[in-house]
Amino acid sequence: MRSRKAAFVWLLEKEARELAVSRAWWVLLLGMGPLVGVAFIGAVRTYAEVSGLNGTSAGVGEALAPLTGVWAPAFSACELAAVFLLPFVAIRLVGGDRQNGALKLELQQGMSAGVLIAAKAIVLLAGWLIAMLPPVSAILLWRIYGGSVYTPELAALISGHVVNAGLTIALAAAMAAVSEHPSTAAILTLSVTVGTWIISFIGAVQGGWWERAAGYAPAAMVGDFQHGLVRFDSVLIALILILTGFAVAAEWTRLGTRLRRRMIDSTGIVALSAVAIFGCALVRGSWDASESRSNSFSIADERALQQIHGTLQLDVHLAPEDPRRLDLERHALLKLRRILPDVRVTYQSATSIGLFEQTSAGYGEIRYQLGGHSTTSRVTTEAGVLEVIYSMAGIAPPSAAQDPVYRGRPLAIEPRGAGVIFFGIWPGVVFISAMLVRRNLR
Amino acid sequence: MLFEVAGLSKRFGDLAALSDVSFHVRAGEVLGLIGPNGAGKSTLFECIAGVLASNSGSVRAQGRPMGRRERSELLFYVPDAIAPWSAQPLRWALNYTTGFFGGRADLGEEVIDQLDLRALLSRPVGELSKGQRKRALLAIGLLTPQPVLLIDEPFDGLDLRQTREAAAGLRAHAARGRTLFLSIHQISDAARLCDRFVLLSDGRVKGEGTMAELAAQASARDPAGEFASLDEVFLALT
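Residue numbers (our numbering), protein chains in the order written: chain A, 1 to 442; chain B, 1001 to 1238.
I should point out that these hints are in silico values taken from the structure, not numbers from a laboratory.
Ideal Cβ positions, reconstructed from N, Cα and C, are used throughout, including at glycine.
All clues given are correct.
Label pairs and their in silico Cβ distance ranges: (1) A:S148 to B:A1105: 52 to 60 Å; (2) B:E1029 to A:V429: 53 to 61 Å; (3) A:G114 to B:R1161: 43 to 51 Å.
Partial selection, computed: residues in chain B whose CB lies under 7 Å from chain A: (4) A1053; (5) P1079; (6) P1084.
Excised from the complex, chain A in its bound form (with noise of 0.2 Å):
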């Protein structure tokens, strides 16, 4: 009697030992010291100026936090990594055993091929956390430094990049499975990245769906994490995205089945993903990780504007590369969807940067129907906005001089030992692990 839980450990430490034999995974782990070093040291060095280091005026950094100021630079080594490196290390693993025809032998013990790429998806994450390391380790140098950790903030971002990796992972999983060499699926890999950015620049210039789409592309939902922002609607659609990328790569990677098959099979995969992904993307909700509420409205403006419970229309004529629409989406309209039950937004414009619109009529206003109630105004500020809004619902705008102000994190610090850790010490460490691994494995 064959016992399945064994084989599935036997399985998970197969992968395991394919992983540490794997020269892509070492790579990445090498690279994500001097990665991390640069920018750490970068963000630390210009956190302490703006703290007042070397005749900076102090002051200046009380609304600097460290999440925006050290965090996501820092942490963006993983960004540029699980873009560039990580999809090498994935692909090696999920296609290394069907170039070497190991998954011929594999496949007939009867266990299914997403029994399979989960033992992959499991080891390649795992390998994942232990390349972000080096910036975990830098939160501990911070704390040395004296530094303020603000640990929900930090779980949301470090959760962030490990979402993020599984998009790559997934990703690259289904490009191995579907490509019969793993350069085919390297260049798909990257293809698809690439078609990411596309989708972002699309969005940027042309507004409407291909901005929307663009809101859940892995650069934009790694953007919310780093400034604190939990979007429900994007975790569950990356989720989605993960899932779905292992169930083509299991889908493809099964033995004997016609290639007809394996296409009305992901088709199928595809299109319920599809449907997952919109009914996700109508879910609301978020969290505000950030210890300096950037993504909300003070408390005393929150709870007035609890008291409204209607429809909020907007229509905007500004077009998508104004900054006025950025300054009014970032620090306004972020704020109010997460507050208010039902925001409605419609961007108007004739051209995508809105320079030769600025004479037309209509140009820059925002105009606002609330409660059978409407009106324009051309503010784009959180204030103006908010002002407008109150003006709109018969509220008294609430005094914010019992909420709490944060006053920023301010450390005017030299890096100390950053250089040495993430330059000298890391690298060491991985080729030394590198050489003594490889060699106990034999």
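Using the hints, position chain B against chain A.
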């Protein structure tokens, strides 16, 4: 009869690799699949093992087609020219085979000695020579638990002495009740080892049976011919 292949056909575009292939396999026998290069031997094995989808036909046991799970419990197929887990040492690959596939760990040392693999155990599978790798693949196959073992070209890359030793090892496992179905293009090797034969040419079965039965079929086709060896029988029937 352990199982039968009934009307199996496989096309690659316009090319008919297998056409209406039918034969049966008996429990405990060493069955040889004989055919020249390009006859469709590997394709037939892959279709039987479920590695490759066939266009029509089935693999049947007890009068009904076998599902994927039934096949994986009955058959294990060892392809030719692969280097599975190529970065891992051979000893680990053999341990993995018994662990993952649920094979008999107690056979491990015996198989290692039968196939003269002891000196190679610490070397990665991918660094073995063609003959060494073939012996490693035979060991992997022999350590799996399925009652029927399909091996594609078991002696390809082996020298004469190694071929004879490997054949003796396979015979020893067959004597314990394991059914072996071997695809062999060297007819002399097949004649030494196999109990029965399936002759395959251009994707079609040209004959099936023991040496005596095949010689009788050849004589019926060419009464004037003399069929003392499997080579002559094969040439007469294909």
